[in-house]
Amino acid sequence: MSEMDDMDEGSGIIKKFMFLNRKAPHGTVYALEGLEVVLITAAFDQDVSMVFTDDGVYQLIKGVDTKGIEVKDFSKTYRALDGYDIEKLYVDQKSMDARGLTEEDLIVDVTVLSVDEMANLMAEQDVVISF
Amino acid sequence: MPMVEIAGKEVEVDEEGYLVDLSQWNEDIAKYMAVEEKVEMTDGHWEVVNFLREYYAEYQIAPAVRVLTKAIGKKLGPDKGNNKYLYELFPYGPAKQACKIAGLPKPTGCI
Chain A
1 MSEMDDMDEG SGIIKKFMFL NRKAPHGTVY ALEGLEVVLI TAAFDQDVSM
51 VFTDDGVYQL IKGVDTKGIE VKDFSKTYRA LDGYDIEKLY VDQKSMDARG
101 LTEEDLIVDV TVLSVDEMAN LMAEQDVVIS F
Chain B
1001 MPMVEIAGKE VEVDEEGYLV DLSQWNEDIA KYMAVEEKVE MTDGHWEVVN
1051 FLREYYAEYQ IAPAVRVLTK AIGKKLGPDK GNNKYLYELF PYGPAKQACK
1101 IAGLPKPTGC I
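Protein chains in written order, with my numbering: chain A, 1 to 131; chain B, 1001 to 1111.
Don't read these hints as lab results, they were simulated from the structure. Possibly wrong hints are sitting among the right ones.
Stated by the list, open to error - Listed below are several chain B residues computed to face chain A (Cβ distance under 10 Å; list not exhaustive): (1) TYR1032; (2) ALA1057; (3) TYR1059; (4) GLN1060; (5) ILE1061; (6) PRO1063; (7) ARG1066; (8) VAL1067; (9) ALA1071; (10) LYS1074.
What the hints assert, rightly or not - Listed below are the simulated DSS-like cross-link pairs for lysine-lysine, each with C-alpha atoms no more than 30 Å apart in a straight line: (11) LYS1096(B) <-> LYS16(A); (12) LYS1074(B) <-> LYS1038(B); (13) LYS62(A) <-> LYS1080(B); (14) LYS1096(B) <-> LYS88(A); (15) LYS72(A) <-> LYS1074(B); (16) LYS1080(B) <-> LYS88(A); (17) LYS1070(B) <-> LYS15(A); (18) LYS76(A) <-> LYS1080(B); (19) LYS1038(B) <-> LYS88(A).
As the list claims (entries may be wrong) - The calculated label-pair distances, taken between Cβ atoms and stated as ranges, are: (20) PRO1091(B) <-> THR28(A): 34 to 42 Å; (21) ASP73(A) <-> GLU1036(B): 46 to 54 Å; (22) ASP82(A) <-> VAL1020(B): 23 to 31 Å.
From a predicted model like this one, the values you see are computed outputs, not experimental measurements. Backbone N, C-alpha and C define an ideal beta-carbon position, used for all residues, glycine too.
Starting from the given sequences, assemble the full structure and let the hints guide the process.
Have a look at this one:
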């Protein structure tokens, strides 16, 4: 067996995972649970990208204070994604525009995509998981 | 959830012994957790524990071991940011044991 085969066996199959975040950060568990799944997926050395669309763009908003609703402010955790080698963060242009948001309002660096660009990116994925 | 008495104070821990309320943490609790984990605390141990508390304050999560190792390397240098050094300090897993001593939840992505 060649060295390459050994390496392939050790590293396993790498799939392209896209996590689609469509819900506001609080009020449901989707955003926080989705984030945990993303962090776990990264531990398996998969190709992970995250997309924020609809009210999901609110997950990335700067200057959140959750004291009044007595839940954990996990928005800071998005800034740890870089350390988990998750660098592909995308937001939907239309969702941003509809809510009067720009990249300046967000806690992390993102790539803003048009509807067509987003569709192409989704078509490239092996797995798309929506939260 | 179980309650334990540490230095005369009642403290709530989860079924694996992790502190439930992070804000209760103090050095007495750290020392108690260290004894539970059979870890003898040295300056090197405290350095990692304090690093983890800072990490948590900044990102609101306990990092996975791979992420912790890399982050320590960045801050404290490569002779500390490696598996050998960290496993010598915390033989049963640096993220798991050091997080417990630091009063943090069990790391996310810890498998």
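Evaluation of the provided hints:
1. TYR1032: TYR1032(B) check fails; min Cβ-Cβ to chain A is 25 Å, beyond 10 Å.
2. ALA1057: Holds. Min distance 9 Å.
3. TYR1059: It holds, given that the least Cβ distance between TYR1059(B) and chain A is near 4 Å, below 10 Å.
4. GLN1060: For GLN1060(B), the interface hint holds, since the closest Cβ of chain A sits about 5 Å away, which is under 10 Å.
5. ILE1061: holds, 5 Å
6. PRO1063: This hint holds: PRO1063(B) lies near chain A, its Cβ roughly 7 Å from the closest one there, short of 10 Å.
7. ARG1066: Nearest chain A Cβ about 7 Å off; hint holds.
8. VAL1067: holds, 5 Å
9. ALA1071: holds, 6 Å
10. LYS1074: holds, 9 Å
11. LYS1096(B) <-> LYS16(A): holds, 29 Å
12. LYS1074(B) <-> LYS1038(B): This hinted pair holds, its Cα atoms lying about 28 Å apart.
13. LYS62(A) <-> LYS1080(B): violated, 33 Å
14. LYS1096(B) <-> LYS88(A): Holds. LYS1096(B) to LYS88(A) sits at ~28 Å (cutoff 30 Å).
15. LYS72(A) <-> LYS1074(B): Since the Cα atoms of LYS72(A) and LYS1074(B) sit roughly 27 Å apart, the hinted pair holds (cutoff 30 Å).
16. LYS1080(B) <-> LYS88(A): Holds, at about 29 Å.
17. LYS1070(B) <-> LYS15(A): Within the cut-off at roughly 24 Å; holds.
18. LYS76(A) <-> LYS1080(B): holds, 26 Å
19. LYS1038(B) <-> LYS88(A): It is violated: about 41 Å lies between the C-alpha atoms, which goes past 30 Å.
20. PRO1091(B) <-> THR28(A): 34 to 42 Å: holds, 40 Å
21. ASP73(A) <-> GLU1036(B): 46 to 54 Å: At roughly 30 Å between Cβ atoms, GLU1036(B) and ASP73(A) fall outside 46 to 54 Å, so the hint is violated.
22. ASP82(A) <-> VAL1020(B): 23 to 31 Å: Given about 29 Å between the Cβ atoms, the range holds.
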